[in-house]
Amino acid sequence: MNEPTSNTELLIQYLDGELEGEELQSIKNNIEANPDLLDELENLRLAREAVNSYGLREKIRAIHPEMMRDLKEKTKPGGSVTKMIFQYGLRVAAVLIILFGISAMYQYFTGTPEKLFSAKFQSFELRELRGEPVNPIEDVYKAGKMGDVISAFNKINKPSQEDYFLAGNAFLNSRQPKNAIDALIKLQETNKSLNQHLFEEDTEYYLALAYLDNGQAAQALPILEKIHADPNHPYNRQVGSWFLLKLKRLIPH
Amino acid sequence: MSFTYNSPYMDTGNEFTDFSLIQALRLDPIPDEAIKHLYRSHYNLTAAYIRQNSGSDQDAEDIFQEVILAFIEILKKDKFRGESSVSTFLYSVTRNIWLNELKKRDRSRQRDEIFEKSRNPLELDVSHLIADREMKTRLMLMVDALGETCKKILLAFYFQNLAMREILKTLEYENEQVVRNKKYKCLKQLEQTMAAQPGLVKSLKTLL
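Taken in sequence, the protein lines are chains A and B. Numbering of the first sequence is given in my numbering, commencing with residue 1 and proceeding in unit increments. Numbering of the second sequence is given in my numbering, commencing with residue 1001 and proceeding in unit increments.
Derived from the structure by calculation, the hints contain no laboratory data. Being a predicted model, the structure only gives us computed values, none of them experimental. It is possible that some hints are incorrect.
What the hints assert, rightly or not - Simulated pairs of lysine-lysine, DSS-like, Cα-Cα distance not exceeding 27 Å:
#	chain 1	residue 1	chain 2	residue 2
1	B	Lys1152	A	Lys59
2	A	Lys28	B	Lys1202
3	A	Lys59	B	Lys1079
4	A	Lys28	B	Lys1182
5	A	Lys226	A	Lys192
6	B	Lys1079	A	Lys28
Please build the complete structure, drawing on both the sequences and the hints.
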């Protein structure tokens, strides 16, 4: 049965369709004349079949786990619907995340101190003042007449801390940040000289906003960082990390 | 050949007809999508049959892989004559393989009961087309025993139909001739291993 190696090689070449012309005819003649060669050829053919069978089995084995997962998913009650809803939900979430990201990036890169001011500024509501109204400027402020508040403030010879505070807010409402800064700093100086703490925390927050409106991000930052770092500060929740990040970007290093 | 949903072998969308499926399964290499279609269209029926006849879920999975293998090999040898639908043919193949498996497991009584109970008047006799499972397993072990390099070369050349220059790129051999020589030696080695088991060779030759 065992033929010389050269014969085996010729048989394999014949099996693989690599022979032609005289070589092809010669091997055909030899196979016809020699039953051992024919036997070997058939065995080689079987060996080749075995290789193909092995390859095909491996291919099916590779596909099998994926298909079993798919089929099991489909036979789960509501499985495909749940999957569809889940996939749809994921897509919606992905779109929202992208939109949120774009919006955040836009805000981050296009921010100005004035925009940050506009995002945060809300008029101080006088009802938050405690005690009976004894200051005539209060009534005008409550009426929302900011111009009248400013006029009244300018006529006062010796403004109180409350006058300074209301005037500061009236200036902010009227988009006169420089005057607002002056009034609020005066309030802080008065407090300091009298060793008092009137409107202290409100003043910090509105002074920082005044700085922002006046384009002075660097002056606003330490005040806002202090508020952000103090969880007991009444304006703490107004100053988030993202807000500070946007503010810091505006300050040249 | 790559196979996509636009293949001419698929009639509409991603569904195969019997005709297009048979065409696809005869291709070299066989498109994954055609095998996946067999799973999608026929697995549940096969699994139900196995489970109803003393088989487990794992049996169903194992047998279905054997059924696909047998079906594709029958197609490749042009021994499927189209005398029935693919579904009917697969049923017959399944039944044949599973009944033989039960016989191997020494469950003759069960086997006889199942054979009579689920006999289908339209059933085809496919026994002459299908290699015994145990015989197949022995054959696969012989290929496995060749070693990684031999398997790689033989599979690349015969199963994947790669040219020698392509195979050379995946191996650390000097030139194509060295790979060619190695391929001869590997195939000869497999042939000799098989020849050492004449009973197996004789049975396999009846299926050629």
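| Checking against the hints above, which ones are violated? | none
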